[in-house]
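Trainee: Here is what each chain is made of, one letter per residue.
There are 2 protein chains.
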Amino acid sequence: MSKRYNIAILGATGAVGEELLNVLDERSLPIHKVRLFASKRSAGIAVTWQKQTLKVEDIETADLQGIDIAFFTAGSQASQTYAGRFIEVGAVIIDNTSAFRMQEAVPLVVPEVNAEALDKHRGIISNPNCSTIQLMAPLSALHRVGGLKRVVVSTYQSSSGAGKRAMEELRDQTIKLLRFEEPPLKIFSRRLAFDLIPEIGSIEPSGDTSEEEKMINESRKILSLPHLKVSATCVRVPTFIGHCISLNVELESAVELSEANEALERAEGVLLCAADEWPSTVDVVGDDDVWVGRVRRDRSLDCGFNLWVAADNLRKGAATNAIQIAEALIARDLVRVNLT
Amino acid sequence: MSKRYNIAILGATGAVGEELLNVLDERSLPIHKVRLFASKRSAGIAVTWQKQTLKVEDIETADLQGIDIAFFTAGSQASQTYAGRFIEVGAVIIDNTSAFRMQEAVPLVVPEVNAEALDKHRGIISNPNCSTIQLMAPLSALHRVGGLKRVVVSTYQSSSGAGKRAMEELRDQTIKLLRFEEPPLKIFSRRLAFDLIPEIGSIEPSGDTSEEEKMINESRKILSLPHLKVSATCVRVPTFIGHCISLNVELESAVELSEANEALERAEGVLLCAADEWPSTVDVVGDDDVWVGRVRRDRSLDCGFNLWVAADNLRKGAATNAIQIAEALIARDLVRVNLT
Chain A
1 MSKRYNIAIL GATGAVGEEL LNVLDERSLP IHKVRLFASK RSAGIAVTWQ
51 KQTLKVEDIE TADLQGIDIA FFTAGSQASQ TYAGRFIEVG AVIIDNTSAF
101 RMQEAVPLVV PEVNAEALDK HRGIISNPNC STIQLMAPLS ALHRVGGLKR
151 VVVSTYQSSS GAGKRAMEEL RDQTIKLLRF EEPPLKIFSR RLAFDLIPEI
201 GSIEPSGDTS EEEKMINESR KILSLPHLKV SATCVRVPTF IGHCISLNVE
251 LESAVELSEA NEALERAEGV LLCAADEWPS TVDVVGDDDV WVGRVRRDRS
301 LDCGFNLWVA ADNLRKGAAT NAIQIAEALI ARDLVRVNLT
Chain B
341 MSKRYNIAIL GATGAVGEEL LNVLDERSLP IHKVRLFASK RSAGIAVTWQ
391 KQTLKVEDIE TADLQGIDIA FFTAGSQASQ TYAGRFIEVG AVIIDNTSAF
441 RMQEAVPLVV PEVNAEALDK HRGIISNPNC STIQLMAPLS ALHRVGGLKR
491 VVVSTYQSSS GAGKRAMEEL RDQTIKLLRF EEPPLKIFSR RLAFDLIPEI
541 GSIEPSGDTS EEEKMINESR KILSLPHLKV SATCVRVPTF IGHCISLNVE
591 LESAVELSEA NEALERAEGV LLCAADEWPS TVDVVGDDDV WVGRVRRDRS
641 LDCGFNLWVA ADNLRKGAAT NAIQIAEALI ARDLVRVNLT
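Note that the protein sequences, when read in sequence, are chains A and B. Taking this note's numbering, the leading residue of the first sequence gets 1, the next gets one more, and so forth. Taking this note's numbering, the leading residue of the second sequence gets 341, the next gets one more, and so forth.
One chain only, chain A, in its complex shape (with noise of 0.2 Å):
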């Protein structure tokens, strides 16, 4: 496969598309040429990239054509307005955003658990939502030894889940604080310096926030497990960059301890911690595995364990993530739109 690619992202400039840039640096994927898109806006700034300078191309006026991968993440709305102008010219689309993911005809994809929903693709795949995809891999593990039958969820995730202007609201918030003056609010509704926000999007009819919602949908796609039980309560926490996630999970049939752990153990993307050990997200930042500690049995249940999870929501929970999508396209031959 000698084959080298035309990559594009659009968003460039955001916290997951410099992210993108590191992971496409330091993982071997075929290249041949990045173009970087983004909006009027940014259009004209230069980055440096493996020692050549990039500059970003205003999406709205560039010619498209010769590009084979395109990683969109500059929101759903730039997913959804400009999609077809790549399909059009036999991009394939790994979206980083939820404009696509409840698609039945979009694949929604963590690699290491369901590539095989890759084959059907048609011209747009969807990198699911940041603090589900790192709960796949564990999730996935265990449901194989087990059978999950209920997963309870509370999360504790990063400014920078919110982008690159909320990171530094966090830390303009925490320095005022400090010196006692007023905290700009301008990306979060409530301070989050020192504090908690328990509501990440918007809250639904249901009374569970967009945030919630994703969770539960996507994890049932991802694991072609439509009926799959998820509770799930999303909460901003002051850190900056990595996701952590307090699981619980009710299986079907009895699992020991030691069984959860070797599959974890097993589990492509994971990480386990030894025993009593745990990841903070200190950890996490700059790696591409989810982080697996405190792995124990949860008395309240017959069969079911409690789990802490976490890992760096921009490279595993984003650039990664969708950038293992482009090189499990290329190993299976998809590189093309199949609209047939």
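Read the hints as simulated data drawn from the structure, not as lab findings. Don't take every hint at face value.
Said to hold, decoys possible - Distance condition first, Cα-Cα at most 27 Å in a straight line; then the derived DSSO-like pairs of lysine-lysine: (1) A:Lys164 x B:Lys569; (2) B:Lys526 x A:Lys186; (3) B:Lys489 x A:Lys229; (4) A:Lys176 x B:Lys516; (5) B:Lys526 x A:Lys176; (6) B:Lys569 x A:Lys149.
Keep in mind that this is a model prediction, so the values were computed, not measured.
Once you have looked at the hints, place chain B on chain A.
Mentor: Okay, now just chain B, sitting in the frame of chain A:
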């Protein structure tokens, strides 16, 4: 009831000791005299309270005669060491540590929930663990309408739960990190600033931490539900004062969302937020209520709810609850040691 009581505080210079003085000042306990005690190291410190200057006495050498009610908040070891001497002089002890909580003869009390347990006290009443206290009124309210079946809890506990020096450490770590300097580690085993510590207390043979075991065991004792199924994951987050809890409740029988809300609305000591609203730590600091928000159906259960519960861990989680115990003892005429 015109009697006025002599009050003692052991551990008067700690975070909870200071808050006890604040709460004593605000509430109308019939006080004759307040005496403060601490170890030799803190003895002699002058504390201003209600325009009086109170001098901290050395607990080792002090004459305890005349004390009616003693609040203990100087650690489990101090409680065990000094309880006998206070009981000898006829004082009733309200102990904020875990020293006696699980002893059968010792009432463990959240007054809105189980004040009747005070009737059998033998000189010591235990104040429950901070994160447990704030769950009791909401859980008790839901138990009355639907019967508790299983509870899954993930906590977001502030640094003040580990004392005054822990709050200082969070501040100092934060400042150092913002200056790109090495953050200090004294109280905490790992960095808390802009990070998370999913291990509070020691890890026990069950795999749960001592804090998690407290939540399980103390909840069962307070609610008089010795077999209640509780799963807990306790996490320290970089906030100063105010513990928050993601609470998932499974009930025995079907309860409408409106019924659950009414039960919480009626519950003494609970402040129910409007639908879709929620408290953060900034709301609850300095307040004596347990705030409950984001009450919603858990669609993964036939009868279950998710709630977000927040309270000031130094007040309702410690000082306020202790003083409410004293008020209940006085109302029930139980301020005497009953060793028969």
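Trainee: Against each hint, give a clear statement of whether it holds in the structure.
Mentor: Structure-based check of each hint:
1. A:Lys164 x B:Lys569: Between A:Lys164 and B:Lys569 the Cα gap is close to 42 Å, so the pair fails against 27 Å, i.e. violated.
2. B:Lys526 x A:Lys186: With a Cα-Cα distance of about 35 Å, the restraint between B:Lys526 and A:Lys186 is violated, given a limit of 27 Å.
3. B:Lys489 x A:Lys229: holds, 17 Å
4. A:Lys176 x B:Lys516: holds, 15 Å
5. B:Lys526 x A:Lys176: Holds. B:Lys526 to A:Lys176 sits at ~25 Å (cutoff 27 Å).
6. B:Lys569 x A:Lys149: holds, 17 Å
Hints 1 and 2, counting from the list given before, are not met by this structure.
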